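Protein chains in written order, with our numbering: chain F, 11 to 435; chain L, 11 to 435.
None of these hints come from the bench; they were simulated from the model.
All figures in this text were calculated on a predicted structure; none of them were measured in a lab.
For each residue, glycine too, the CB sits at the ideal point set by N, CA and C.
Among the hints, erroneous ones may be present.
Sample of chain L residues with no beta-carbon within 12 Å of chain F, all distances over it, derived [said to hold, decoys possible]:
#  : residue
1  : Ile15
2  : Val27
3  : Tyr106
4  : Gln127
5  : Asp216
6  : Asp220
7  : Val253
8  : Ser317
9  : Pro385
10 : Leu408
Quick list of simulated restraints, FRET-style, between CB atoms [what the hints assert, rightly or not]:
#  : chain 1 : residue 1 : chain 2 : residue 2 : range
11 : L       : Gly348    : F       : Arg115    : 32 to 42 Å
12 : F       : Asn330    : L       : Glu342    : 32 to 42 Å
13 : F       : Thr384    : L       : Leu99     : 39 to 49 Å
14 : F       : Arg140    : L       : Lys12     : 32 to 42 Å
15 : F       : Asn330    : L       : Leu99     : 21 to 31 Å
16 : F       : Leu60     : L       : Glu57     : 18 to 28 Å
17 : L       : Lys12     : F       : Thr97     : 29 to 39 Å
18 : L       : Lys193    : F       : Arg56     : 22 to 32 Å
19 : F       : Ser249    : L       : Glu57     : 18 to 28 Å
20 : F       : Arg115    : L       : Glu37     : 35 to 45 Å
There are 2 protein chains.
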Amino acid sequence: MKIEILNIGDEILIGQVINTNAAWMAEELNRNGFKAYQFTVVSDNREHILQALEDARARADVVLISGGLGPTKDDITKETICEFFDTNLVFNEDAYHDIVAFFDRRGIAVTELNRKQAELPESCISLSNRIGTARGMWFETTRPVGAGSKPAPDSSIYVFLPGVPFEMKDMFTREVIPRLKEKFVPKPIFHKTILTQGMGESFMADLMKDWEENLPPHIKLAYLPQPGIVRLRLTASGSDEEVLRQEVESVISSLQQIIPDLIYGYDTDTLENIVAQLLMLQKKTLAVAESCTGGYISHLVTSVPGSSAWFQGSITAYSNRSKEDLLYIKKETLESHGAVSEQVVLEMAVGIRNRFRSDYVIATTGIAGPSGGTPEKPAGTVWIGIATPERVFAKHFLFGDNRERNIRRTAVTALNLLRQEMINP
Amino acid sequence: MKIEILNIGDEILIGQVINTNAAWMAEELNRNGFKAYQFTVVSDNREHILQALEDARARADVVLISGGLGPTKDDITKETICEFFDTNLVFNEDAYHDIVAFFDRRGIAVTELNRKQAELPESCISLSNRIGTARGMWFETTRPVGAGSKPAPDSSIYVFLPGVPFEMKDMFTREVIPRLKEKFVPKPIFHKTILTQGMGESFMADLMKDWEENLPPHIKLAYLPQPGIVRLRLTASGSDEEVLRQEVESVISSLQQIIPDLIYGYDTDTLENIVAQLLMLQKKTLAVAESCTGGYISHLVTSVPGSSAWFQGSITAYSNRSKEDLLYIKKETLESHGAVSEQVVLEMAVGIRNRFRSDYVIATTGIAGPSGGTPEKPAGTVWIGIATPERVFAKHFLFGDNRERNIRRTAVTALNLLRQEMINP
């Protein structure tokens, strides 16, 4: 069964609005054992909508359309729909009753524009809207002879939903998913994403080559890189979800033998959340001394709700004077080694541990770029220091010259160093 | 001229990744006088990619493809591309030279997988990648007879770009837009976005009602809200860009009469960049004391390249003890007024000014939420303090209970308060 998600809206095509509706629908389909085959976005234009509906018929068994409905947009879209399905608008008493009730609850009178929203194509099943006034529409049509390359089945389902996310989501969950499950047997599918930090995509692929080649053909692997992070998504499809889950867990076990140090979590985990959990579990506290990351590590850890339980605070020392004044870095150390050095990052880590009397410390110093580099210390040169109740150590990195990427890579690398140290002191 | 944006990636179709690349490309096209006609997303699958390339030929003159490139994905995509364009992979010395240089800068040896990235289809113009190792590819093909419904021209342009946003964006701006402008005459269009801070969308719309109704029909207005910020985008289309520019400037002048205090900048300005410019111009320095924003303001200002010239540093004091130790907040003040109070934020501002000996200071304290609120001080209660060479003052705000939104709203509100104070002391 092939599902196409079709979004109608000029605001998406000029980049003003990001198409989160499609992503949400796709995720929801997936959770229910279905898979979107294709996404399409077209403009609020009669010919373009007709063409897209026709094109989709050739590719898909089910077309889920959002956008183009709503009091100011209804006219064009509903007329276009009637043209495509060769039907007429008729006044729907139920729909009108809902619209009146909707405005009654708000103490507002129904306008002519809203009354027209109760006119619906005769051949559709209408879908109720608990949040707004635009009803959804479910059509089942027979495919005309010669109308495209789709082999079977001969019928297509078209479902029209409002574009307003809240309305679309509520209608999708209540009205669309249950009907799809009645019509089609969902295909068991199981996803798990392995989160890694510390090695680039191509080097990891080299290490994982044999493992990857030995994956059973029904388990697919995808590399999803982000600055400093590579996510590995495994997708298994078959006939029994529990079997798939076990198979995926088993291939993950063997991967853990190959890249044990790189894996920090799964699915929706983040490094800051994992560090937060470890700190809570071990009843320890954290403080941060930042130079090149400029407060970003502090921002990441404080974005975790409840972080005030274990986060003491941070100092961002951007000037040399503030490094001396606030972190007790010795003037001699700064002068003889420079601010971006192993000696300074170690003194930062110790300095901030004393300042905040915290159990763990992350310290960073580096040249975020794009300027400020020297031949000896080019932009992207970074030192990360970690202080624990047991020891203090520092590591050197050389990233690129993109400021934003360097800040992100340094932050995730530092959080992962802390995580590793907390697990294996 | 019709442009289709085609994204290749299973991660988009399962809803794991939101298709921000398409939105970004569409916006960039628009800024340059082009408009995306359609978006399509297909899976990492040979047949599906071939079908999508073929379908797009019938609709579009230019197809901009992103995704499917990168060391671990190259194989399928590049072979599929060669099949579609009836060409072969050849080893490209220039591309290999760039790849070697890329890894040399990082002190890493080139792998076989990376070496293969230098193999490119013979018939394409290759596009350089300054950030990663996957080159882009530009093809110009003649449309075969009967290959679809597109009336003219007979040739199609296909451009393949990496899916990693940083790499795609850099390549798109440097290599794609200038080539498109050579081939096609952009349609005169003029955009200007007015950036405002300090009032919600619906209240602003009320204030601006008459102005909005008097806009000429060829100038469209869109409200683009973000936490704490509302962007107002004006889009004018016509036949002469200079005329459009003047018309837009003129309607902006009349808007400035209506909401003078809310406007902080235009287009790609950010509050942190504007504050940076003011500090450089006035040769002043800044320091930050953060509680509820947890380092986010510090992160924003240090994301500006060259910020070390005027940013002294920041202290995030999350615990009461660190507020006393590092910011010299009196124990009595904390005990009698609580950490989230006017008195504390004023002492924070003064304390950090003494610590860093800076000209300007931003201080924040509040309950970011979602928990931690009381009936008297619910989540979203925020105090912002500003210290200048002339005075110290504080303002109170009540936001919502969403942690992420509260952090962002507090940060932009604080930066805007500083901006206003620097302009009108």
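The hints, checked one at a time:
no.	hint	in the structure
1	Ile15	9 Å, violated
2	Val27	7 Å, violated
3	Tyr106	14 Å, holds
4	Gln127	8 Å, violated
5	Asp216	17 Å, holds
6	Asp220	20 Å, holds
7	Val253	21 Å, holds
8	Ser317	7 Å, violated
9	Pro385	20 Å, holds
10	Leu408	19 Å, holds
11	L:Gly348 / F:Arg115: 32 to 42 Å	40 Å, holds
12	F:Asn330 / L:Glu342: 32 to 42 Å	35 Å, holds
13	F:Thr384 / L:Leu99: 39 to 49 Å	40 Å, holds
14	F:Arg140 / L:Lys12: 32 to 42 Å	39 Å, holds
15	F:Asn330 / L:Leu99: 21 to 31 Å	52 Å, violated
16	F:Leu60 / L:Glu57: 18 to 28 Å	26 Å, holds
17	L:Lys12 / F:Thr97: 29 to 39 Å	30 Å, holds
18	L:Lys193 / F:Arg56: 22 to 32 Å	29 Å, holds
19	F:Ser249 / L:Glu57: 18 to 28 Å	23 Å, holds
20	F:Arg115 / L:Glu37: 35 to 45 Å	38 Å, holds
The structure shown violates the earlier hints numbered 1, 2, 4, 8, 15.
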